[in-house]
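*Asks:* Residue numbers (the numbering used here), protein chains in the order written: chain A, 147 to 545; chain B, 911 to 1200.
Heads up, a few of these hints could be off.
Okay, the calculated bits of chain B under chain A, using three or more residues with CB under 8 Å as the criterion [to be verified]:
1) 950-957
2) 1026-1035
3) 1043-1049
4) 1161-1170
Source of the hints: derived by calculation from the structure; they are not laboratory data.
As the structure is a computational prediction, the values presented were derived from the model and not from experiment.
For every residue, glycine included, the Cβ atom is placed at its ideal position computed from N, Cα and C.
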Amino acid sequence: MGVLSAVLRSLRRTTTISGLAVGALALSGCAGSSLDQSGSQGSGDEVKLGLLVPLSGVYAPLGEDMRDGFQLYLDQHGGRLGGKTVRVVTVDEGETPQTGVPAAQKLVTQDRVTAVVGVVNSATALGLRDFFHESKVPLLVANAGADAITGERSSPYVWRTSFANGKVGAALGPAVAEEVDGGVYLITADYAAGREMVGGFRKAFEAAGGKIAGEKYTPFGKTQDYQPYLSAIRNSGAKAVFSFYAGAEAVNFVKQYKQFGLADRIPLYGTGFLTEGGVLNAQGASAVGVKTSLHYSTELDTPINKAFVEAYRTKHGKAPTVYSVQAYDAAAALDKAIAKADGTGGEDIAEALGGIGTIDSPRGPWSFDADHDARQKYYLREVRSDGGSFVNAVLGELD
Amino acid sequence: MDTYLVTVLNGLAMGSLLFAIALGLSLVFGMMDVLNLAHGAIYLVGAYVAVALTGDGAGPAMFVAAVLAAAAAGAVLGGALAGMTRATPHHLDQALLTLGVALVVAESLTVVFGSDVHSLAAPAPLDGGVQILGQTYPVYRLLVIAFGAILALVVYRLVERSRLGAVIRATVADRAMVSALGIDTGRVLVGVFAAGAALAAVGGVLAGPILGAQPGLDEKVLLLALVVVVVGGLGSVRGALLGAVLIGQVQALGVALLPEYASFLLFAAMAAVLLMRPAGLLPAPTAVRA
């Protein structure tokens, strides 16, 4: 503003040739620099990527894990993806679309990145779909789980290296139907992710012959005390509980499930986010015995995963989480796509992403399906105590 | 029926915590006309003091030490806030000032402790559960109820039955008159502010094993405390107690009886009270100056 008004004032004062020349020079300078930037996107040995993860607000722990996972892949490959040197621009997604959408728009319009990786909040991902679709810039969703992202709102430019809510829940359905003799109670936070996960579970569970003993949707982000709901579960006569919570709600729910004596009588099942990463550390011993479905666990007994966990621990000083792996794999997918693509324009990369085939990941081999969602294995995990710390032991694969 | 009795008990535990937290907010609001939006942040300071000192599974001695340390930290913060808010007489300036302090304090806590969710274990001997009416109930919550009852008694004696309390109540009712009697109202205000903040911080420690500590908890607690103050009435101990117990029950019993309306119950209760008694259920006399 200050610069602009100074230029205007100098123009008004000196209507001489030199004044106009300065103005013209300034204008051409602007145009030139923007041409330069769009030029660097299409050619050269460097590629600019945007990392859009929450670094503030309630999702910050997830965002930090994603950033660390993405960074680890880059470090392991000398800072290069597909033979090109990578420059990463990291921006804070924040908690809601009000912060996430403008942050993504800045990455694309101002920083002119080739592709964007990240997005935790599903509403942000859905809100950005049209923007990426029209800008023809690939968006690699590395967490947001709304079914619609790779369902009815899919786009050639939107890819997902993480999961769809419904599929994570559905994976556990048949296993619970087989293990539990009696009705199962469903409880989750009352918002889209909770309803999609429970909905996916319910469909698969009932198809496998399971019976529902009751269901409850607790106010999202407003419930600190679950005692009234836990009493209802006890009175329902359910033989098991299926639930999804994340963050502080997951900690409170699982701790209170133990404190009010339900854990000893009614086994608790859930999607893996219920006991993942920092949440599990906070739950501690209360979470022992909780069984969940997820596409990753640090305890997976494969050479790739062991090397990954070891490298991650060395680099970041803590165990990786599913969020780290999702971002790590987004880098892996881009690595293959950039190598295959004809250029480093958004359209080239988006097209190449369709042909990268299977990725050998710490989570096991996975690939993009026709809807651009991750086609992957899900594992049945159980929380166990492992010499003072707590881990999600892998009981087997779910199909 | 038994189920609901246990739920009532649980509502009492939450009410006890809310009373400890909301009391300071109510007295400061009623007395100084200062809406202290940093009250939730002070609560969070207490919760993180407990995280730092007790971590996982510390003994009762360490827990008591955490309570004392939190009280000291809260009193210092409260005293500082009292000093700052006296610099400006405008309500909006004061609200913005305390909001600013709240943001700075909460962000500093995130920088030091990280953005992860922290949980606290109750001190070792109180970690288990007891059987009440055939249901398991955590011993620690019973202790919280006892604490709430004792706190209510002590504060009631102090504020309603002692000379110091008479000065405090008089300052709420008419500050200028108390000042004219030769009493330094400034010191009374700073003292009450500091004591209220100390109670909020102690509430943070005591609520630790129930609510944990994480970024964003300060706002939730501040909102609940504000609802308690609005329902109970400004500047009165009895009002804060009644409001806290009522809101505790709305959140426990209300949710158990009308689960489908759980999201609205809290504010429906507040709206109902405001419709019938706009000054709250038990406001201090002339606490609200028209």
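*Asks:* Compare the structure with each hint and give your call.
*Replies:* Hint-by-hint comparison with the structure:
| no. | hint | in the structure |
| --- | --- | --- |
| 1 | 950-957 | violated (count 0) |
| 2 | 1026-1035 | holds (count 5) |
| 3 | 1043-1049 | holds (count 4) |
| 4 | 1161-1170 | holds (count 6) |
Checked against the numbered hints given earlier, this structure breaks only hint 1.
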